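Peer 1: Listed below are the residues making up each chain.
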Amino acid sequence: MAKVPVQFTLNGSEKAEFIESGTTLLHALRDKIGDMSPKGACHQGTCGACSVIIDGELRLSCLTLAETCNGAAIRTTAGLAEGGVLHPLQRAFLDAFATQCGFCTPGMIMAAKVLLDRTPNPSREAVVEALSGNICRCTGYEPIIQAVLTAARANSQNAA
Amino acid sequence: MSLALQTFSSVKDANAALQAAGTRYLGGGTLVVRAANEGDVSVSRLVRVTDPGLSQIAVSGGKIRLGASVTMAAIARHPELAALAPAARAVGGPAIRNMATVGGNLFAPAPYGDFAVALLALDATVVTEDGELPIETFLAGRDTSRAVVTAVSLSMPKTESFRFLKISRVKPKGISVLSIAALMQRTADGTVTSARIALGCMADRPMRAKAAERALLGCKLTPEEIAPALAAAGEGISPITDPIASAWYRAEVLPVHLGRLLLA
Amino acid sequence: MELRKDYFADVRKDGLNEIGQPRPRLDSPGHVTGKTAYFADRNFPGMLHLKMVRSPHHHARIRSIDTAEAEKHPGVVKVLTARDVPHNVYTILILIQIGPEDETVLADGKVRWKGEAVVAVLAETERAAQEAATKVKVDYEVLPAVFDMEEALKPGAPLVNEYHGQNYYLYDSGECRKVRFGDVEAGFAQADHILEQTYQSSPIEHAPTETTGCVVAPEGNDRFTCYTNTQAMFFTLDNTSIILQMPGSKLHFVGGTVGGGFGGKVDVIVEPIAILGAKLTGRPVCFIYSREEEMQISSPRAAEKVVIKDGVMKDGRIVARKVTGYTDAGAYSRHSPYGAQKGAAHYPGPYTIPNVWIDTYCVYTNRTPSSAMRGFGVTIGDFALEVQMDKLARLIGMDPLEFRFINAYRDGDMKAHRQPTEGAALIECMQEASRAANWPVAEKYMAMSSYRKGA
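Protein chains in written order, with the working numbering: chain G, 1 to 160; chain A, 161 to 424; chain L, 425 to 879.
Hints were generated in silico from the structure; no laboratory data involved.
Keep in mind that a hint or two might mislead.
[Said to hold, decoys possible] Example chain L residues on the side facing chain A (calculated, C-beta under 8 Å, incomplete):
1. Thr549
2. Arg551
3. Gln554
4. Glu555
5. Thr558
6. Ser714
7. Glu716
[As the list claims (entries may be wrong)] Calculated pairs, DSSO-like style, for lysine-lysine (alpha carbon to alpha carbon, straight line, at most 27 Å):
8. L:Lys559 to L:Lys703
9. L:Lys496 to G:Lys3
10. L:Lys502 to G:Lys32
11. L:Lys729 to L:Lys766
On a predicted model such as this, the values are computed, not experimentally measured, just so you know.
Virtual Cβ for every residue (Gly too), placed ideally from N, Cα, C.
Please construct the entire structure, taking both the sequences and the accompanying hints into account.
Peer 2: Set out below in structure tokens:
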């Protein structure tokens with residue numbers, strides 16, 4: 001089968017792979033590069049478990065073909081902690097009991113990160129809206145919403 | 161046969177490639193990549209176009225031109241497209257809105273395609289290399305359409321004359337039970353002089369509620385005067401049945417929601 | 425968290441180190457960093473993808489299966505049918521001697537529900553497996569199907585499952601599980617009011633975020649490692665051992681990390697066929713349900729129908745309760761005979777009723793086999809019972825909470841299935857609920873105790 005080259009940065013580091021044409025970014029990240037943090041849960045764009053950030057925008061890696069990401073800067077939850085120190089969102093998810101089975105967590109954190117990058121002090125409604133493409137079947141969402149609001153407060157306190 | 165992607169810089173070349181069997185156009189990927197993921201093996205080749213012109217939004221002289229690759233997110237945040245923003249925001253969640261395109265929405269089968277419902281009410285024109293078609297004609301023939309849609313053009317609606325409503329069971333993001341878009345001109349005393357109402361989920365694609373449109377002419381938007389329009393709303397509909405709602409339910413609640421939209 | 429120390433002060437220990445203290449989840453650091461390894465996060469070179477060809481019919485005889493075209497499809501490595509499975513007819517509760525074996529790993533001669541597994545295709549890529557699956561030709565003779573439990577129990581209904589011979593599970597107690605306590609007819613004769621109501625529920629899908637699946641890797645010594653998201657590890661291992669006729673020592677199951685289960689990932693569905701595929705090809709195999717399969721193919725909570733007839737006195741005492749419960753097992757038993765049995769024990773509710781009659785049926789229909797889900801067999805029953813309790817209270821013009829105090833079971837009461845009540849604590853729970861919900865009840869109920877009647 002025809003292989004095509006793809007090249008992008010993943011969490012700041014250069015990646016170059018030959019993939020089969022038509023491969024989704026989700027499969028390329030997981031099966032080729034070994035970043036297992038985006039999860040495949042519906043493959044239809046319904047659940048958000050595969051969410052990644054491409055050039056600053058939230059995208060679904062299950063519906064994105066890897067070839068279309070040439071030259072892009074891709075971020076995933078696996079690259080969020082720096083030097084072993086958790087990102088404030090990760091810390092807040094941990095403290096707020098915002099994970100149960102954990103399968104939706106990497107996608108949730110990506111969606112929340114895009115929100116906080118643009119809106120450091122979001123309203124509760126803005127958090128709900130930002131997470132509305134991500135399904136969690138365990139928590140009932142409330143601890144996740146609280147975690148995002150807590151992380152936002154932690155950010156603004158650090159900035160002050 | 162595996163799935164393969166071909167990238168072209170011009171629509172012309174893409175149109176030529178699209179003539180091959182098993183080939184489909186890749187916009188934002190929310191329809192065709194989903195189909196491939198779900199085991200639709202009828203598609204073996206995807207074609208895309210990188211022409212940046214397809215992603216442009218132009219607003220001038222009361223006219224809007226939306227390139228086919230313009231995303232729902234781009235419309236929702238555009239300062240001059242406030243009238244369209246509610247319909248663009250009705251599509252998917254944030255990630256889907258960053259991907260889903262105007263062109264793709266024209267092909268989205270019910271219960272998807274809420275933005276196309278708005279475009280139908282707004283009497284948009286669909287542009288391809290073969291020429292321009294009124295959206296109603298385009299939607300009727302979309303199953304056999306082989307030319308890449310390049311843009312959609314429409315007149316800028318006055319904010320007060322255009323209304324859009326999407327009903328879903330999950331807030332804030334959910335799949336449509338139904339969606340309704342209405343473009344109405346009214347005199348100073350509130351009498352409706354023209355009405356164009358489009359419905360989502362009432363057929364396999366957006367459709368107009370022509371009987372309700374006729375019944376609204378000469379009416380003021382009061383519960384008493386819109387009653388005949390609500391009674392006529394279901395004329396000609398054939399709602400879809402899916403896990404969200406049955407055809408029966410959709411037909412039952414259509415007049416209720418149309419009433420709320422008109423009285424809002 | 426507030427600990428109320430006035431309840432059961434004489435039996436409680438204070439100085440608790442863990443209870444009442446916030447403790448971090450041990451698995452959360454892995455979750456928030458994306459490092460937690462779920463079964464599908466295992467990737468092996470040369471891994472094959474398994475796709476299942478499923479029945480498009482609710483009930484049909486299989487005249488023939490032709491896999492020749494599928495086998496020739498590029499990328500296909502193996503195509504499995506019923507004859508490849510060493511012990512194809514199985515039932516999971518056989519481990520606790522609940523038979524008969526009534527389900528096929530791959531359909532053999534007949535399909536009994538829409539979506540039943542018929543042929544397994546193993547290929548180099550997911551796409552190749554999907555394409556080849558469309559080339560498997562199965563010739564079906566469609567049979568009449570039955571979807572309603574009461575229709576299924578009528579004489580002359582289509583027989584769903586020949587391994588049972590009738591459309592209900594035959595318990596050692598007969599056609600249903602039975603509880604008989606006191607004299608229910610005498611109770612009804614004595615009652616001031618009788619209320620009979622029917623409650624029904626639809627199947628409920630767990631819809632976990634992570635779909636059901638497993639990844640199997642041959643270890644090279646005729647032993648197989650199976651990474652799975654089953655919630656029933658050893659139960660699955662033992663059943664796989666039976667189905668594949670392999671000693672358990674050849675099966676190495678790795679799991680425990682489940683992306684949402686809710687009690688639903690306990691059927692032995694993906695592991696045996698994936699391990700068989702790995703055994704017959706010598707290659708790693710992954711078999712992961714699509715979202716559609718998770719919603720349509722994996723077992724839901726059973727649909728239930730509950731008919732409750734209660735006799736109640738004007739003073740609030742329930743003097744007789746007769747319940748007939750129906751559990752829709754779908755086409756195969758899985759956990760449903762047990763679920764229906766749990767219902768029989770549960771239907772008196774947490775109430776002391778002197779005369780009880782309960783029949784619960786496990787019924788076979790041509791619907792998706794149902795199975796376990798959080799509190800299966802009792803959850804729908806609780807809904808029915810508590811709605812019934814509210815209706816009874818309304819019928820006699822009594823406060824619904826006070827009505828429950830009157831009937832609540834207390835320590836020492838004999839339950840209908842002849843287990844004496846111990847450690848009930850229901851009175852105290854309701855007292856606290858009354859305070860917390862600001863729903864006051866008469867002082868005499870607030871003075872009651874689970875220990876001493878009339879106190």
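Peer 1: State for each hint whether it applies.
Peer 2: Each hint, compared with the structure:
no. : hint                 : result
1   : Thr549               : holds (7 Å)
2   : Arg551               : holds (5 Å)
3   : Gln554               : holds (4 Å)
4   : Glu555               : holds (5 Å)
5   : Thr558               : holds (6 Å)
6   : Ser714               : holds (7 Å)
7   : Glu716               : holds (7 Å)
8   : L:Lys559 to L:Lys703 : holds (24 Å)
9   : L:Lys496 to G:Lys3   : holds (23 Å)
10  : L:Lys502 to G:Lys32  : holds (25 Å)
11  : L:Lys729 to L:Lys766 : holds (14 Å)
Every hint, counting from the list given before, is met by this structure.
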